[in-house]
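Protein sequence lines correspond, in order, to chains A and B. All letters in the first sequence, in the order written, are residues 1 to 493 by our numbering. All letters in the second sequence, in the order written, are residues 1 to 450 by our numbering.
Just to be clear, a hint being listed does not mean it is correct.
[Said to hold, decoys possible] 25 Å max Cα-Cα, derived DMTMM-like pairs, lysine to aspartate or glutamate:
(1) 87(A) with 185(B)
(2) 87(A) with 378(B)
(3) 187(B) with 175(A)
(4) 86(A) with 378(B)
(5) 133(A) with 135(B)
(6) 86(A) with 365(B)
(7) 133(A) with 181(A)
(8) 140(A) with 191(A)
(9) 187(B) with 388(A)
(10) 40(A) with 185(B)
Hints are computed from structural coordinates only; laboratory data are not their basis. Remember, predicted model here, so these are calculated numbers, not experimental data.
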Amino acid sequence: MPTMVIDGREVTAPPGANLIEAAKLAGIEIPHFCYHPALKVVASCRMCFVEVTQEVRGKATTRLTTACNTPAADGMVVRTDTQPVKKAQNDILEFLLINHPVDCPVCDEAGECKLQDYAFAYGTASSRFAEHKRFRHAKKLGSGIRLYTNRCILCDRCVRFLRDFVGTGELSVTDMGNGNEISVFPGRPIDNVLAGNLPEICPVGALISEDFLFKARVWNLSAVDSVCPGCSRGCATSLDVKDNEVQRTRARENQAVNGYFICDDGRYLYHVIRHETRLEHPAVREGDQLRESNWDHALDVVVSRLAEFPERIVILLSPFLTQEEVRAGADLSEVLRGSVLGHVPNAVQEAPVLFPGGFAIDGDKAPNSTLVKNIAPVPLQELAITKDTVVLFFNSSLRTGSVSPLDAEKLRRAGFVAVIDVLRNDITAVADVVLPGRMWAEKSGTFSNSAGMAQSFGAAVLPPPFTRDESDVIRDLTRRITTRISTGCGAKS
Amino acid sequence: MAARQNRMILDQCEIPGIRNLAVARRYGAYTALAKALTTMTPDQVVEQITRSGLQGRGGAWFGTGLKWSFMPKEPRVESFLCVNADESEPGTCKDRYLIEKNPHLLLEGVLIACYAIRASTAFIYVRGEMWEGMEVLETAIRELVTANLCGKNILGTGFTINVHVHPGAGAYICGEETALMESLEGKRGYPRNKPPFPAAYGAFGHPTTINNIGTLGYVPWIINHGADAFKGIGDPNFPGTLIYQVSGHVNRPGLYEAELTVTLRDLIDMAGGVRSGHRLKAVIPGGTSMPLLTADDLDTVMSPASFAPRGSLKSGLGSAAVIVLDDTCDMVDVALNMMRFYRHESCGQCTPCREGTKWVCDMIERIHRRRARPGDLEVLEQVLVNVGDIDRFEFNKTICLFGVSFGWPLTMLIRRFRSEFEAAVAESTPAPVPLPVPASVLPAGDLRAP
Numbered sequence: 001m002p003t004m005v006i007d008g009r010e011v012t013a014p015p016g017a018n019l020i021e022a023a024k025l026a027g028i029e030i031p032h033f034c035y036h037p038a039l040k041v042v043a044s045c046r047m048c049f050v051e052v053t054q055e056v057r058g059k060a061t062t063r064l065t066t067a068c069n070t071p072a073a074d075g076m077v078v079r080t081d082t083q084p085v086k087k088a089q090n091d092i093l094e095f096l097l098i099n100h101p102v103d104c105p106v107c108d109e110a111g112e113c114k115l116q117d118y119a120f121a122y123g124t125a126s127s128r129f130a131e132h133k134r135f136r137h138a139k140k141l142g143s144g145i146r147l148y149t150n151r152c153i154l155c156d157r158c159v160r161f162l163r164d165f166v167g168t169g170e171l172s173v174t175d176m177g178n179g180n181e182i183s184v185f186p187g188r189p190i191d192n193v194l195a196g197n198l199p200e201i202c203p204v205g206a207l208i209s210e211d212f213l214f215k216a217r218v219w220n221l222s223a224v225d226s227v228c229p230g231c232s233r234g235c236a237t238s239l240d241v242k243d244n245e246v247q248r249t250r251a252r253e254n255q256a257v258n259g260y261f262i263c264d265d266g267r268y269l270y271h272v273i274r275h276e277t278r279l280e281h282p283a284v285r286e287g288d289q290l291r292e293s294n295w296d297h298a299l300d301v302v303v304s305r306l307a308e309f310p311e312r313i314v315i316l317l318s319p320f321l322t323q324e325e326v327r328a329g330a331d332l333s334e335v336l337r338g339s340v341l342g343h344v345p346n347a348v349q350e351a352p353v354l355f356p357g358g359f360a361i362d363g364d365k366a367p368n369s370t371l372v373k374n375i376a377p378v379p380l381q382e383l384a385i386t387k388d389t390v391v392l393f394f395n396s397s398l399r400t401g402s403v404s405p406l407d408a409e410k411l412r413r414a415g416f417v418a419v420i421d422v423l424r425n426d427i428t429a430v431a432d433v434v435l436p437g438r439m440w441a442e443k444s445g446t447f448s449n450s451a452g453m454a455q456s457f458g459a460a461v462l463p464p465p466f467t468r469d470e471s472d473v474i475r476d477l478t479r480r481i482t483t484r485i486s487t488g489c490g491a492k493s
Numbered sequence: 001m002a003a004r005q006n007r008m009i010l011d012q013c014e015i016p017g018i019r020n021l022a023v024a025r026r027y028g029a030y031t032a033l034a035k036a037l038t039t040m041t042p043d044q045v046v047e048q049i050t051r052s053g054l055q056g057r058g059g060a061w062f063g064t065g066l067k068w069s070f071m072p073k074e075p076r077v078e079s080f081l082c083v084n085a086d087e088s089e090p091g092t093c094k095d096r097y098l099i100e101k102n103p104h105l106l107l108e109g110v111l112i113a114c115y116a117i118r119a120s121t122a123f124i125y126v127r128g129e130m131w132e133g134m135e136v137l138e139t140a141i142r143e144l145v146t147a148n149l150c151g152k153n154i155l156g157t158g159f160t161i162n163v164h165v166h167p168g169a170g171a172y173i174c175g176e177e178t179a180l181m182e183s184l185e186g187k188r189g190y191p192r193n194k195p196p197f198p199a200a201y202g203a204f205g206h207p208t209t210i211n212n213i214g215t216l217g218y219v220p221w222i223i224n225h226g227a228d229a230f231k232g233i234g235d236p237n238f239p240g241t242l243i244y245q246v247s248g249h250v251n252r253p254g255l256y257e258a259e260l261t262v263t264l265r266d267l268i269d270m271a272g273g274v275r276s277g278h279r280l281k282a283v284i285p286g287g288t289s290m291p292l293l294t295a296d297d298l299d300t301v302m303s304p305a306s307f308a309p310r311g312s313l314k315s316g317l318g319s320a321a322v323i324v325l326d327d328t329c330d331m332v333d334v335a336l337n338m339m340r341f342y343r344h345e346s347c348g349q350c351t352p353c354r355e356g357t358k359w360v361c362d363m364i365e366r367i368h369r370r371r372a373r374p375g376d377l378e379v380l381e382q383v384l385v386n387v388g389d390i391d392r393f394e395f396n397k398t399i400c401l402f403g404v405s406f407g408w409p410l411t412m413l414i415r416r417f418r419s420e421f422e423a424a425v426a427e428s429t430p431a432p433v434p435l436p437v438p439a440s441v442l443p444a445g446d447l448r449a450p
């Protein structure tokens, strides 16, 4: 464990750490563009200059060096605030800004741009550059990524990310020297499921997400820590909200799960929150039609059925429910003595993906399968469903097709199906009572990922007005049922 | 009295038909290889070269034997020899001549070097424009393979060496040793950060030695005649000869081989003196990357010893490409000509060099067109210092030395001929400051889809 002094503070860094990481431990920020902890070090932006004094052949020598490719070593004395360092930082910013359009007022990155932040912190307000700026056209690179070429500072992060971390390598630097430009091969656009990370990796506003383009200024966004419900991996995300709408999803660092990145499936999943098939009102079947109803009536219909045939009740839980909802569902099945508890396995399964950089995407496209299988081990296929059965199905699935055709067929055999769900699907079409639930972004809860790690998340946006939290619905049902059982109300008169 | 040439390398090149293996062998080619392979161990070869004091002729003057001694003795993976024939420093033309005239001299050096560093593969990275040289090398290698001097089981010694000629694509930066390896690997010619050094992690991640092809030309002679004989030639600190390439405003431009005790005046005399009717104005001692000297520096001994890093000359011997400029040269012209080259050849990896080359070039272009604004010269000088500070070379700003290789010479050019630049600024009609470029945000229809 090398011990050194950075700006007068003694720091013990883990072996192999570079000076940027070591300084971070001491709470000192060394500005950098091209360095990213998940990527290969190239030391090309030259922003992270520090002054290092070290004993070389018995003589203390001081040199200006880049912190990103200098490993922390015992006895080093590092200064990040001397005049040569400040001058070097200022010089680099001057060089980077001479051809930069400085179009911050119309740039999506403004507010979270390293170039902007560093220009304020380490640069000068005026420019000595009086030549013509380089001009390059903006380009569509594919996978919803645009390159505003003029803004690019050629830090090479995107190229290294796609080449070394993702392994697809669609991007490369073309031309030479001052003409260097990030490009894709003609007819070979970016095509991989981690492409959405590129705008986040880009330290400036060069790579921009078409999904977020001109949607919001970042300083008007409030970020809520969340967990991705897209698969059983449970990546840490941040939901950025403005005007009660999620504007974008960003990856949140979690070294135990996803590192610094998330996949595009999870990143763009937030669109489901305002999807056109969203269920917004309770509905009760009258004849062969579902009619919009109110919660009181809908729950009464359910409770009267439950109270009628307590021995025929099947409670089904889906892997899209939170840990809290799964437990409430299990509690309900205890209240309803004689009822059977089971789960509907998620049918959306894909091949798991592992990237060269270590990032993994799970095949099970539901967030809470592990826990549901633990608490309600019996799958629907092993349960007896007859035309007398009363099924209470807590689904709230974000995915179409999450109930397999076989399971759906089996549910159709039941005499009565009440389902709590968020999107219109095959089951809600045939159910007798449909109760609108809430999505992960609209409630707080916990998901247990495939490794058994429980991660909590908070509510980011307000839900549609007539939806209710699943736990709340279960509690309400429990209350109504216990009231009915204890008072004897609701028995057939 | 002018010093004499010592043509230990060049004389061999002028033997008619020496390109041909049979002729070359008649003149003693490959006797050193046979001697090394049959009577010496690799360590003995390295020891001989170290003792001879041979230094790299590429411009860095690093001890060749010392460089070879860094290679692993018991390599876990195959070691490689990379031969740098990407000669592209403006003014330099010795490697091209040697390759085209006497490939067997160089190839013998390559094979001995491979034996010394225990490499079974050598890559000769030849500058893309040197078509003839590549052709000559390929032919020579074919001859060697037929004669069992190259390939498997050389001369029955059980030693295998394969030599590959790899054409570069004509990029100046690929003459930088780490960029050369990147290019050899099929990547962009971006110089690498050091450490790791090539002897530990070189081409394809294998231990690699990179030698200038000119350096290897001395190796057979040393093996044949012994280290002490070589050490006795010229300056004992910088033994042997050097091929100086004198070009520019002299009467007989060409290659002049001399010991490293020769002065700049001697070299110009060898080349027939400055063209008649003109006065010497400046001399670039070692390719345009080396700051120029003036007529006052003619007694400089053209040896690395004269160009100490902190010495008063603030220049270097570089590739020994001596470019003579007479009084017809406008120094703003010279600066522009040099800077256009560096703008074109920067690899663009590091910020100061990528942005600095264009900025500096634009400013010099404006001064040249007499459209300078007052203060331009000061900004120009400061920008050059920001890329490569000639007074504080320990504060190098870029990964490789490209930044300093235009920062230093231009800084010194302006310092030594400041009056010419000042005059150009003074007689300028200032150009208007350009309006900002159009915003980068274009309507979606203008976006170029891939």
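How the hints compare with the structure:
For the proposed pair residue 87(A) and residue 185(B), the alpha carbon gap of about 36 Å is over 25 Å, so the pair is violated. With a C-alpha separation of about 17 Å, the suggested pairing of residue 87(A) with residue 378(B) holds against the 25 Å cut-off. This hinted pair checks out: residue 187(B) and residue 175(A) have alpha carbons roughly 13 Å apart, not beyond 25 Å. Between residue 86(A) and residue 378(B), the direct Cα distance comes to roughly 20 Å. Compliance with the 25 Å bound is thereby established for this hinted pair.
Under the criterion of a C-alpha separation no larger than 25 Å, the hint pairing residue 133(A) with residue 135(B) is inconsistent with the structure, at around 44 Å. Only pairs whose Cα atoms come within 25 Å are accepted, and residue 86(A) paired with residue 365(B) is rejected, the gap being roughly 30 Å. Between the alpha carbons of residue 133(A) and residue 181(A) the distance comes to roughly 15 Å, so the proposed pair stays at or under 25 Å and holds. For the suggested pair residue 140(A) and residue 191(A), the alpha carbons sit about 12 Å apart, so the restraint of at most 25 Å is met.
For the suggested pair residue 187(B) and residue 388(A), the alpha carbons sit about 70 Å apart, so the restraint of at most 25 Å is broken. A threshold of 25 Å between alpha carbons decides the hint, and for residue 40(A) with residue 185(B) the separation of about 17 Å falls inside it, so the pair holds.
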